[in-house]
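Undergrad: Protein chains in written order, with our numbering: chain S, 1 to 326; chain B, 1 to 320.
Worth double-checking, as some hints may not be accurate.
Cβ pair distances, simulated, as ranges [what the hints assert, rightly or not]:
1. T275/S with E315/B: 48 to 58 Å
2. T46/B with A89/S: 36 to 46 Å
3. D44/B with G46/S: 31 to 41 Å
4. E314/S with L290/B: 27 to 37 Å
5. T279/S with G47/B: 34 to 44 Å
6. R92/S with G51/B: 52 to 62 Å
7. L290/B with G63/S: 24 to 34 Å
Below, computed lysine to aspartate or glutamate pairings styled on EDC-like, alpha-carbon distance capped at 16 Å [what the hints assert, rightly or not]:
8. K323/S with E6/B
9. K278/B with E71/S
10. K235/B with E239/S
11. K323/S with E90/B
12. K66/B with E90/B
13. K66/B with E116/B
14. K66/B with D49/B
15. K278/B with D287/S
16. K84/S with E71/S
Just so you have them, the derived chain S footprint on chain B, three or more residues with Cβ under 8 Å [claimed, not checked]:
17. 110-121
18. 131-139
19. 308-318
Just so you know, the hints here were simulated from the structure itself, not pulled from any lab data.
Quick caveat, the model's predicted, so the values are computed rather than measured.
The beta carbon of each residue, even a glycine, is placed where N, CA and C say it ideally should be.
So you can see what is in the structure, the chains are spelled out below.
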Amino acid sequence: MGALDGKVAVVTGAGRGIGRGIAMLFAREGARVVVNDPGVNVDGTGGDGGPAQQVVDEIKKAGGTAVANLETVATVAGGESMVKQAVDAYGRIDIVVNTAGILRDRMVFNMSQQEWDDVIAVHLKGHYNTIKPASVLMRQQRYGRIINFSSTSGIIGNTGQVNYGAAKAAIAGLTRVIARDLGRYGVTCNAIAPGAATRMTQTVPDSARQLRAQAGVQGAASESQPAPQSAFQGLREPEFVAPMVGFLCSDDAWDINGWVFNVSGGTVSVAHHPTPMRTVFTPGLWDLAELDDAVNNVLLRDLPNPAPPREDVEVPGRDTPAKPLA
Amino acid sequence: MATPLEGRTVVVTGSGRGIGREIALLAGRLGANVIVNDPGVNVDGTGGDQGPAGKVAKEIRDAGGKASANYDTVATPEGGEAMIKQAVDEFGRVDGVVHVAGILRDRMIFNMSEQEWDDVVAVHLTGFFNVSKPASVLMRQQRFGRIIGFSSGSGLNGNTGQANYGAAKAGIAGMARCLARDLGRYGVTANAIAPGANTRMTQTVPDAARQLRSRAGIQGQQRQPSIVNQLREPKYVAPMVCYLLTDQAWNINGKVFNVSGGQVSVSWEETPDRTIAKPGMWDIDELRALVPAMMQGLRNPAPPPPDLEVPGRAEAAASA
Numbered sequence: 001m002g003a004l005d006g007k008v009a010v011v012t013g014a015g016r017g018i019g020r021g022i023a024m025l026f027a028r029e030g031a032r033v034v035v036n037d038p039g040v041n042v043d044g045t046g047g048d049g050g051p052a053q054q055v056v057d058e059i060k061k062a063g064g065t066a067v068a069n070l071e072t073v074a075t076v077a078g079g080e081s082m083v084k085q086a087v088d089a090y091g092r093i094d095i096v097v098n099t100a101g102i103l104r105d106r107m108v109f110n111m112s113q114q115e116w117d118d119v120i121a122v123h124l125k126g127h128y129n130t131i132k133p134a135s136v137l138m139r140q141q142r143y144g145r146i147i148n149f150s151s152t153s154g155i156i157g158n159t160g161q162v163n164y165g166a167a168k169a170a171i172a173g174l175t176r177v178i179a180r181d182l183g184r185y186g187v188t189c190n191a192i193a194p195g196a197a198t199r200m201t202q203t204v205p206d207s208a209r210q211l212r213a214q215a216g217v218q219g220a221a222s223e224s225q226p227a228p229q230s231a232f233q234g235l236r237e238p239e240f241v242a243p244m245v246g247f248l249c250s251d252d253a254w255d256i257n258g259w260v261f262n263v264s265g266g267t268v269s270v271a272h273h274p275t276p277m278r279t280v281f282t283p284g285l286w287d288l289a290e291l292d293d294a295v296n297n298v299l300l301r302d303l304p305n306p307a308p309p310r311e312d313v314e315v316p317g318r319d320t321p322a323k324p325l326a
Numbered sequence: 001m002a003t004p005l006e007g008r009t010v011v012v013t014g015s016g017r018g019i020g021r022e023i024a025l026l027a028g029r030l031g032a033n034v035i036v037n038d039p040g041v042n043v044d045g046t047g048g049d050q051g052p053a054g055k056v057a058k059e060i061r062d063a064g065g066k067a068s069a070n071y072d073t074v075a076t077p078e079g080g081e082a083m084i085k086q087a088v089d090e091f092g093r094v095d096g097v098v099h100v101a102g103i104l105r106d107r108m109i110f111n112m113s114e115q116e117w118d119d120v121v122a123v124h125l126t127g128f129f130n131v132s133k134p135a136s137v138l139m140r141q142q143r144f145g146r147i148i149g150f151s152s153g154s155g156l157n158g159n160t161g162q163a164n165y166g167a168a169k170a171g172i173a174g175m176a177r178c179l180a181r182d183l184g185r186y187g188v189t190a191n192a193i194a195p196g197a198n199t200r201m202t203q204t205v206p207d208a209a210r211q212l213r214s215r216a217g218i219q220g221q222q223r224q225p226s227i228v229n230q231l232r233e234p235k236y237v238a239p240m241v242c243y244l245l246t247d248q249a250w251n252i253n254g255k256v257f258n259v260s261g262g263q264v265s266v267s268w269e270e271t272p273d274r275t276i277a278k279p280g281m282w283d284i285d286e287l288r289a290l291v292p293a294m295m296q297g298l299r300n301p302a303p304p305p306p307d308l309e310v311p312g313r314a315e316a317a318a319s320a
């Protein structure tokens with residue numbers, strides 16, 4: 001007996017990578033799956049029905065039940081079509097997993113409006129487009145599971161990805177709101193910030209990699225919270241993300257709601273809520289000189305600048321006197 | 001009064017009223033040249049009125065400061081560029097961008113229209129891109145700049161009825177972290193503020209959402225009123241924002257600060273808090289055994305009511 005027997009799931013971006021791993025595991029656990037993927041390139045161009053259909057064929061060959069959907073998540077009509085297809089084909093919808101994504105990496109000062117808009121449309125609006133129609137049905141049936149995909153690019157930060165990072169951090173925030181909108185109706189909503197070697201992680205431009213390395217960003221979540229370095233990190237196959245998603249979609253996870261989980265290889269973490277970590281207080285209006293002392297010596301102690309100014313930049317306050325605060 | 005922002009030019013979006021207005025006024029007193037941007041719309045983004053921005057700019061000038069009003073929307077690239085261009089045309093440069101402008105269209109997700117989603121994301125999140133993109137080009141060239149976005153507890157902690165606003169506000173925090181990493185090496189910092197204050201915007205939360213929150217036990221999570229959170233005027237948010245604009249704050253970058261009354265906090269980054277690991281692939285049964293322990297004390301913010309039949313709940317109670 002599978003953990004998802006009788007459930008009906010939509011998995012977006014399930015033609016390849018992490019989404020594919022989730023669709024396959026869902027089917028093995030007894031779910032009937034709408035395998036969504038328009039089969040575009042990593043930058044969102046093109047289109048190919050092959051990847052989604054191939055995953056469906058693989059699921060069927062293994063004795064599972066699945067149907068392909070080739071719509072884009074970037075439009076309201078596309079999102080509705082996936083939910084409708086689940087209901088038409090299998091009579092209900094219990095699970096939505098929002099894995100679909102594209103990349104258009106660029107330093108902010110060179111980023112075009114199109115690069116911003118396209119990435120926001122697929123990732124952030126794409127989440128709204130599937131969640132909205134699914135939430136109507138899940139609320140009525142008093143049952144549902146929504147899994148969103150965030151990323152450390154947004155919840156921690158990354159060079160060359162203001163569009164992707166903004167969308168992915170927004171998805172973590174969206175998750176926390178959806179959890180509160182729907183929790184009382186028996187619906188949970190959580191997010192995954194995955195780590196895996198997929199087609200998407202191959203596209204990060206070399207210039208961004210170099211910048212990150214120079215900024216000391218690569219290899220550490222932050223200097224105060226170093227990422228675990230161990231044999232566990234060698235496990236980069238996208239299939240490793242699927243079991244946690246499967247668990248969160250099972251009945252047993254009915255009370256886990258509104259959280260962001262880092263999942264990479266055999267490592268599963270629950271992320272800190274971005275609540276206040278350290279606080280300073282004055283019973284009135286701060287003056288700037290007091291703030292200078294409190295912020296630097298109390299709030300930000302041991303919390304470094306992730307990208308400090310280069311040595312050859314003349315920085316007022318570092319290399320030339322700052323204008324006095326008082 | 002010292003004038004640590006003398007010679008700096010700062011664009012403050014949404015500064016016709018509320019928190020933005022207080023930032024513009026204080027920046028003006030601290031010596032900055034201020035572009036007071038505000039199209040003077042209603043809280044839901046409709047309408048338009050040049051009065052608020054014009055009045056704030058005049059107030060700054062009457063007090064001996066330098067300010068100019070701008071009435072463009074942040075929701076379009078043209079609007080964002082117009083504000084930056086006005087700063088350069090009138091004051092010769094742009095040193096700071098503070099994106100306070102925002103609208104609200106609160107609705108439970110199952111009732112939220114595409115328009116309600118799009119309008120809120122356009123003003124808050126894409127609005128932040130629309131002003132910081134053109135500013136970043138100039139700030140990188142001049143090797144100096146300050147970018148400050150406005151986030152919110154609605155996105156950082158989550159809030160009922162605000163999927164659009166909460167997503168956009170969490171996105172702004174994420175974008176500030178990415179801007180910090182793109183621009184830090186050029187002497188430019190980017191940070192975000194999650195403010196608490198009584199303004200026109202906090203009056204509009206629908207009663208239905210308030211009721212849901214209180215039923216969900218969310219309201220009760222807030223701190224009891226005390227001196228610490230009685231100071232709700234928007235003016236209390238301004239000093240921290242203006243401090244981040246000063247030379248002294250050159251090395252403060254990529255952070256999210258909660259500012260409300262006399263309280264200033266730095267937020268947790270969403271780094272791993274608790275971890276389970278194995279040197280191989282988990283199966284669901286193993287996770288079923290271990291994840292609840294990892295989640296100990298981390299509550300469901302909106303648990304299903306006792307009278308709702310929830311698959312898995314009875315089994316959990318039986319095994320407990």
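Undergrad: For every hint, state whether the structure bears it out.
TA: Hint check results:
no. : hint                           : result
1   : T275/S with E315/B: 48 to 58 Å : violated, 32 Å
2   : T46/B with A89/S: 36 to 46 Å   : holds, 42 Å
3   : D44/B with G46/S: 31 to 41 Å   : holds, 39 Å
4   : E314/S with L290/B: 27 to 37 Å : violated, 53 Å
5   : T279/S with G47/B: 34 to 44 Å  : holds, 38 Å
6   : R92/S with G51/B: 52 to 62 Å   : holds, 53 Å
7   : L290/B with G63/S: 24 to 34 Å  : holds, 29 Å
8   : K323/S with E6/B               : holds, 8 Å
9   : K278/B with E71/S              : violated, 37 Å
10  : K235/B with E239/S             : violated, 51 Å
11  : K323/S with E90/B              : violated, 23 Å
12  : K66/B with E90/B               : holds, 10 Å
13  : K66/B with E116/B              : violated, 37 Å
14  : K66/B with D49/B               : violated, 22 Å
15  : K278/B with D287/S             : violated, 50 Å
16  : K84/S with E71/S               : holds, 12 Å
17  : 110-121                        : holds (count 6)
18  : 131-139                        : holds (count 4)
19  : 308-318                        : holds (count 8)
The structure fails hints 1, 4, 9, 10, 11, 13, 14 and 15 (numbered hints given earlier, in ascending order).
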